[in-house]
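**Q** Okay, here's what each chain looks like letter by letter:
There are 6 protein chains.
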Amino acid sequence: MAREDGRRPDQLRPVTITRDWLAHAEGSVLVEFGRTKVLCAASVQDSVPRWRRGSGLGWITAEYAMLPRSTNTRSDRESVRGKIGGRTHEISRLIGRSLRACVDYKALGENSIVLDCDVLQADGGTRTAAITGAYVALADAVAWMRARKLCPGEPLVTSVAAVSVGVVGQTSLLDLCYTEDVAAETDMNVVMTGAGDFVEVQGTAEGVPFDRAALDGLLDLAVAGCAELTTLQRQALA
Amino acid sequence: MAREDGRRPDQLRPVTITRDWLAHAEGSVLVEFGRTKVLCAASVQDSVPRWRRGSGLGWITAEYAMLPRSTNTRSDRESVRGKIGGRTHEISRLIGRSLRACVDYKALGENSIVLDCDVLQADGGTRTAAITGAYVALADAVAWMRARKLCPGEPLVTSVAAVSVGVVGQTSLLDLCYTEDVAAETDMNVVMTGAGDFVEVQGTAEGVPFDRAALDGLLDLAVAGCAELTTLQRQALA
Amino acid sequence: MAREDGRRPDQLRPVTITRDWLAHAEGSVLVEFGRTKVLCAASVQDSVPRWRRGSGLGWITAEYAMLPRSTNTRSDRESVRGKIGGRTHEISRLIGRSLRACVDYKALGENSIVLDCDVLQADGGTRTAAITGAYVALADAVAWMRARKLCPGEPLVTSVAAVSVGVVGQTSLLDLCYTEDVAAETDMNVVMTGAGDFVEVQGTAEGVPFDRAALDGLLDLAVAGCAELTTLQRQALA
Amino acid sequence: MAREDGRRPDQLRPVTITRDWLAHAEGSVLVEFGRTKVLCAASVQDSVPRWRRGSGLGWITAEYAMLPRSTNTRSDRESVRGKIGGRTHEISRLIGRSLRACVDYKALGENSIVLDCDVLQADGGTRTAAITGAYVALADAVAWMRARKLCPGEPLVTSVAAVSVGVVGQTSLLDLCYTEDVAAETDMNVVMTGAGDFVEVQGTAEGVPFDRAALDGLLDLAVAGCAELTTLQRQALA
Amino acid sequence: MAREDGRRPDQLRPVTITRDWLAHAEGSVLVEFGRTKVLCAASVQDSVPRWRRGSGLGWITAEYAMLPRSTNTRSDRESVRGKIGGRTHEISRLIGRSLRACVDYKALGENSIVLDCDVLQADGGTRTAAITGAYVALADAVAWMRARKLCPGEPLVTSVAAVSVGVVGQTSLLDLCYTEDVAAETDMNVVMTGAGDFVEVQGTAEGVPFDRAALDGLLDLAVAGCAELTTLQRQALA
Amino acid sequence: MAREDGRRPDQLRPVTITRDWLAHAEGSVLVEFGRTKVLCAASVQDSVPRWRRGSGLGWITAEYAMLPRSTNTRSDRESVRGKIGGRTHEISRLIGRSLRACVDYKALGENSIVLDCDVLQADGGTRTAAITGAYVALADAVAWMRARKLCPGEPLVTSVAAVSVGVVGQTSLLDLCYTEDVAAETDMNVVMTGAGDFVEVQGTAEGVPFDRAALDGLLDLAVAGCAELTTLQRQALA
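Chains as they are written, first to last, in UniProt numbering: chain A, 1 to 238; chain B, 1 to 238; chain C, 1 to 238; chain D, 1 to 238; chain E, 1 to 238; chain F, 1 to 238.
Honestly, I wouldn't trust all of these hints.
Listed below are the simulated DSS-like cross-link pairs for lysine-lysine, each with C-alpha atoms no more than 27 Å apart in a straight line [unchecked claim]:
| # | chain 1 | residue 1 | chain 2 | residue 2 |
| --- | --- | --- | --- | --- |
| 1 | E | K83 | B | K83 |
| 2 | C | K149 | C | K83 |
| 3 | C | K83 | B | K83 |
| 4 | D | K83 | A | K83 |
| 5 | B | K83 | B | K149 |
Residues of chain A placed beyond 10 Å of chain B at every Cβ, according to the derived structure [as the list claims (entries may be wrong)]:
| # | residue |
| --- | --- |
| 6 | R19 |
| 7 | D46 |
| 8 | P49 |
| 9 | R52 |
| 10 | D76 |
| 11 | G85 |
| 12 | A107 |
| 13 | T193 |
| 14 | F210 |
Some chain A residues judged to face chain B by a derived CB distance under 7 Å, without partners named [stated by the list, open to error]:
| # | residue |
| --- | --- |
| 15 | H89 |
| 16 | Q202 |
| 17 | T204 |
Treat the hints as calculated values from the structure; they're not laboratory data. Here a beta-carbon is modelled for each residue, glycine too, at the ideal position from N, C-alpha and C.
Just chain A, same shape as in the assembly (with noise of 0.2 Å):
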C-alpha cells in the first residue's frame, strides 16, 4: 500500500521545530509535523498550585486546544460552548503527564512552567507534535531560568518525544497523517524519553482488536519514529 504522499511506512513526515516565535514566552516553538503546524509557548511563574506550596518542589502543567479552523470543517469553540471536550482534556492531561517525566521537581524549585500547545492546523498526530515542541519550549524556559538563577538545580533529567502509530490495511505505518488515522484498525501514540525509555504507551483498536504481534510490531516503529524526532530536538536546541 503507498502511501498518499508518498512515504516509506517507517518514515516520518518532514519535521520542522522553530524556535522563538513568540515574542513575550519564555520559551515557544512552532512545530510541524507535515500540514500538522502546533503552536508551544512556555510560562514561567514562580508560584506552584495551592496542595503543593512550602514543598520546595516545581510543577508541570499542560493545555491543549484547537483553533475553530484548524480543522477540515469549523469547530465550535469551546470557550463559546462554555466547556472543554473530553478529547481536549485527555490530550492536555498526556502532554502534561509526559513533560513531568523529564522533569526533577526539586531542581526546578517552586516554580511552575505551563505549557500552551495551541494547534493552529492539524493533519493527524496534533498531540504527538504537542509533545514533541513542548519539550523544546521547556528546555529553551529552563535555559531562561538558569540565565536568571531561577531554579536551585538542573531541571531537566532527559528529553521526551512522541509519535503516532497505527496499522492500515494490514501495514504499520509511522506517523499517520489524518486520512491514515481516519483508516486505521489500531492506532497508537507513544511518548518516550530521550534515553530510550517509555513515559506512555497508548494503543486502542478502533476497528478491529489487535494481536501481541501487532502490537510487537507498532511498538518497533515508534521506538525508532521517537529516536529520530530526539534527534531533531537536539539539532533544534543546539
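Given chain A's structure and the hints, the job is docking chains B, C, D, E and F onto it.
**A** Relative to chain A, chains B, C, D, E and F alone:
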C-alpha cells in the same frame, strides 16, 4: 515484596459479579474487585445520536462517575462544581470505546445502549472493574432486546474485560489496589476481548520511565488476568 | 381502594436500614423503603464554612442526587448537563434543614458533617427515605467522633425521621410508592423528631386543593408513620 | 410582644396592588406588602413546552428573582455567578405550582403564560407577595386573551393568594417582615384558593421543632390572612 | 419626517429622575426617558477588588441587566441560561467606564461603589438613561459617605450624562425611542461630563456607512442633549 | 515626544498581510501590525442561523480570542474558565458588525461566513489588525465561493479597514502599540470603508475627558491611516 492482602503478584482480588442489582435497568451489575464496588447499569434506547440517524447503525456510550464518599476523603460532586473533570471524561471515553469493541452496530439496529458506571466504593481499579462489569450488564441488556426481537441480528461479537497491572518496587503486580496504585512507578490498564486480543493498552510511567522488558512483563500479567476475568464473566452469565 | 402491594392505607413499606455499607465513610447506611434504595454517607470534616469560622459552632449540610438509571427511564446526569436542577436543590436543602434540627452546633464544635444521599433505585419517597437513613448515618458519624473525643459535647439532641402521605382517590395513604405518588391529588412530606414534634410539613395540592379535614387526616397518618420509623432507627442503632 | 410597626399579631401589612405597571406585558402588577415590592409580569405565549405539544393543554410557569440591591446588603447577580441558587429555584417552583392550581389547562388551549416575579425591594414575605400579585397579573393576561378569543374556554377556576405566618417568642404572627422572619422559630408559608382550600402548606422549624397545637394556631392565622388577601385581589380586579 | 410622539428632531423625551426609590441602597434613582424606565442602585462597600488592595484608591463598577418582560416580547433570563450575553457585558462595561470618568479614586479611599442598572421597561436608550440615572444615584451614595465621613476627600470631580443620537431617513434625531432606533441607519451613544467634554463616543453604521458631515451633525445634537440632561440632573439633586 | 520605535505620530507600524496561511480555511490571513499578529480564518457554511432561514439572505459573524501566551504575562483560557469575558464579547461583536458593513446579504444567498480572529501575539491594536486582516480573508472566501458559483450575486460592496488612534501626553498618535495604549488618555478605534466612510467610531476617555478639537484631530489621523491600510489590502489581494 508481600502484598498487603497477601496475594501473589499475579493474583486477582476476589471478584464478584451480581446481576440484576437494579429493578429498572435492562441490564445491571454490581461488580466488586476486592473493596472496589461499581454499579453498572445498561439502558436501552430506541434511538441513536443525531449524527447517526438514518444509518441503520446502533451506538454504545458510557458514563463513569464516583460518588462523593466512594473515596477515603470526600470529593466535591461534579454536578455541584458545574463541570466534569478531565479524569472522569477520560475514563468515560475509555469505557465507551472498550465496550464498542464487542458490538456489531448493524446487528444492533438503530438503538443505543448507555452504560452508566457509578463507583460506590473505590479501592483502585475502578475503571477496569467498570469495563468488566459493564460487559455483563450489556450482555443482559442485549438479551432483553433479543427476547423482544428488537435487534435485527446478534449484536455481541465477543466479550471484553479489563485489568490493571503495575510495577511496584521491582515487582510487576496484577490488579492493583489503591495503596499499590499510589506506590506504582508504572501503571497500565489493559482491555482485552474474550478471544484474547487487545482493545486498549494504556501504560503510564508515574515515576521512572520503563523499558521494553518491563512493558512485556506487564502485558503478560494482564493477558492472564483478563483471561481469568473472561471466565468469571462467562460463569456469571451462565 | 386496594394498594398495589396489598398494604393497608396506614402501613409502611418494608423498611431496612443497613449500617456500615461503605468502608471509608465515618457513617454510612443503605436505607430501603420497599424498592426505594438510598445510600447515605456521613463525612466528618474538621472545618466549617467560611461564614461560620471562629464561631465555635459546627455545621451540617446535605447533598441529594439520583443515579441516572435509578428511575424507570434513564435521566441525564446533572454533572453532564453542567447544572443542578431545581428539584435536586430543593431536596438537598430539605434534607440539610431536617438533619440540622437534631443537632446542637455548640456541642459539635467547629466541625462539619456532610450527608450525601444518593438514590440508587427510586420508587417514591426518596427524600423521606434519605432523611430517615441519613439520621442513622449521622448518628454513626457522631459516635465515630465521640470515640475520638472530637466534639466538646453531645451533638445529637433528638432523632429525625420522615415519611410521605397523600390522598389517592378518596383515601389517605401512608408512604406512597411511585405509582401512588403520580396518582395523588395531594402529597405531603412530613419530618418529625423522635420526640414527636414537627420539623417540616410540606403539603402540595397536585390536583384538587385540599381542605382542613384532609390536612388533619394526613398529619395523623404521618405522625404514626414517623413514630414507627423512629422505632426502626433505634433498633438499627441498638 | 409588640410588633416593630405596631401591628396586631393577626394583622397584614398595608397591601397595595397596582395593575398595568408595565407597558409591554399582557398582565403586570406591582404588589407591595409593606416595604416588600415585587413586580409581577405575565407573558402570553402561543406555544407550550415540547413535552406538552399536541396535548391540547396549556401551561403556566414562573420565575422568581431578586434584584441585587433589593436587600439590605447587595447580593451577587445569579447571571454573573452563572447559576441559579437553590432558594431561587425553590421559590420559582413554588410560585409555578401555586398558580397552576387555579388554571384549567384545557380551557387555556395550547398556550403558555410565564409569570416573572422580580423582587425590587425585600422586607420579608417576598414569595407570598409574589404569588398574590402574580395571580392578579395572570387574571389580566387571561382577560387579554379572552378579549382576543385566544382560549377555548375559561382558564381561571379560582384565585390564589399566599401569606407567611410564624412563631416569634411565644406569639404566632401573620405576615412577617424581615426582622420577624429572622427571629422566628417556626416559619410557615400557606397558599390558598379563593374558595378557602389549601394549595401549599410549607412549615419549617428554624429553631425549636413545633407541636400540633402550634401548627394549628399558625394555620388559623394563615386562613384568615389569605381570605383578606383574596378580598384585596378582587377589589383590585374590579 | 414627523416623529411618532410629535417631538422635534433635537428634542429629548420627557425625563424624570426620582431619587430614593429604594429603601436599602445608599443611593437609588428611578430614571425615565419617555417609556424607558431604569432602576439605578448605588451600593457602597468598604473594600476594593483584590488587584487594588493596599493602593489607597477606590473603585467604581456597574452591572446592567434587563428584566425578562421589560421588552415587547419576553426574553430568557441570563441567570437561567447560565451566562451573560455580549450586549449585557458591553453595556455594563460602558456604564462602569462612564461613571469612573467623574470620580477621583484617591478621594474615594479604599471603598467601592457598585452601580446596578436594571431596566424595568425598555423603549430605546436604556444605556444612556442608565448612565444618566446612575450618576444621580452615585452622587447620593457619595453624599451618604460624606455624611459619615467615610471618604478622605471629595470623590466627585464632575457629572456625567449620556444620550443617543441617530440618522433616520435623512434626518438626525436626538434621544431615539425603540422604533426610531430600529429604523436608524447610524446610531451613536455619547457620554459627556457636566463640563462639556467627551467621555465616550460610540457610533455605528447599522446600515449605510456615514460620512464626516453626518458624524459632525450627530455630535452637535448630542452635545446639546447632554447639556440639557446635565441641567436636569442638577435640578434633581438640588 | 518620540515614539519608542521611532515612528512619526501619523505613521503606521510595518503591516504585513500573508494570505493562505492555513490549508483548510476558504480564506485565511496572518496579519501583522508591528509585533501584533492575528490569524484570521474565514469559513464558508451553506446555512444561516435559525432566525434567518428562508429569508434568502446570508450572514457574517466573527469570533475573537487571544491565545493564553499572546500577552506579556499568561492569561487563563476562557474555555477553562467556562465563560467568555466581556472584552472578548465586545471585540467579537465589533468585528462582526464591521465586516457586515461591506456585505450585500442578498448577493451572498443563504450562506454564512464565520471569521475567526485569533491573536497569536499581542502588542496593541489587536482588534483593528483583526478587522483589517479579516476583510482580506473574507475577500478570499468570497472568491472561493464565486469560483464555485455559490453566491447569487457579488457579496462584497466595499472593503473595511480599522486603526487605533489616541492621545498620549499632548500628542495624537496613529496605530498605538501596547505601551502607548496603556499610557493613552484617550483611545479611539475607527473602522472605515474603502470608500472613506465611517463604519464604527469608538472613542473612550481612559483618563481625562476630551474636547471636540481633540476628537477632530484623532479622526483626521484615523481617516489617513485607514486609507493607507485600504491600499495595503488592495495590494495584498492583487
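**Q** Assess, step by step, whether the Cα of K149 (chain C) is no farther than 27 Å from the Cα of K83 (chain C), and give holds or violated.
**A** violated, 39 Å
**Q** Check the hint pairing K83 (chain C) with K83 (chain B) against an upper bound of 27 Å on the C-alpha distance.
**A** OK: K83 (chain C) and K83 (chain B) at ~8 Å, within 27 Å.
**Q** The output says R52 (chain A) does not contact chain B. Does that hold with a beta carbon cutoff of 10 Å?
**A** holds, 16 Å
**Q** Holds or violated: is the Cβ of Q202 (chain A) closer than 7 Å to a Cβ in chain B?
**A** holds, 5 Å
**Q** Is the interface hint satisfied for T204 (chain A)? The criterion is a beta-carbon contact with chain B at less than 7 Å.
**A** holds, 6 Å
**Q** Are all C-beta atoms of chain B more than 10 Å from that of D46 (chain A)?
**A** holds, 25 Å
**Q** Is it correct that the beta-carbon of D76 (chain A) has no partner in chain B closer than or equal to 10 Å?
**A** It holds; D76 (chain A) is separated from chain B by about 14 Å at its closest Cβ, greater than 10 Å.
**Q** Taking the closest pair, is the beta carbon of F210 (chain A) still more than 10 Å from chain B?
**A** violated, 5 Å
**Q** Hint check: K83 (chain B) vs K149 (chain B), CA-CA at most 27 Å. Holds or violated?
**A** violated, 39 Å
**Q** Just double-check A107 (chain A) for me: nearest Cβ-Cβ distance to chain B has to come out over 10 Å.
**A** holds, 16 Å
**Q** Can we trust that T193 (chain A) is non-interface, i.e. its beta-carbon lies farther than 10 Å from all of chain B?
**A** At roughly 5 Å from the nearest Cβ of chain B, T193 (chain A) sits no farther out than 10 Å, so the non-interface label is violated.
**Q** Over 10 Å to the closest beta carbon of chain B is the bar; see if G85 (chain A) clears it.
**A** The assertion about G85 (chain A) is violated, with a minimum of 8 Å to chain B.
Against the hints set out earlier in the document, violations occur for numbers 2, 5, 11, 13, 14.
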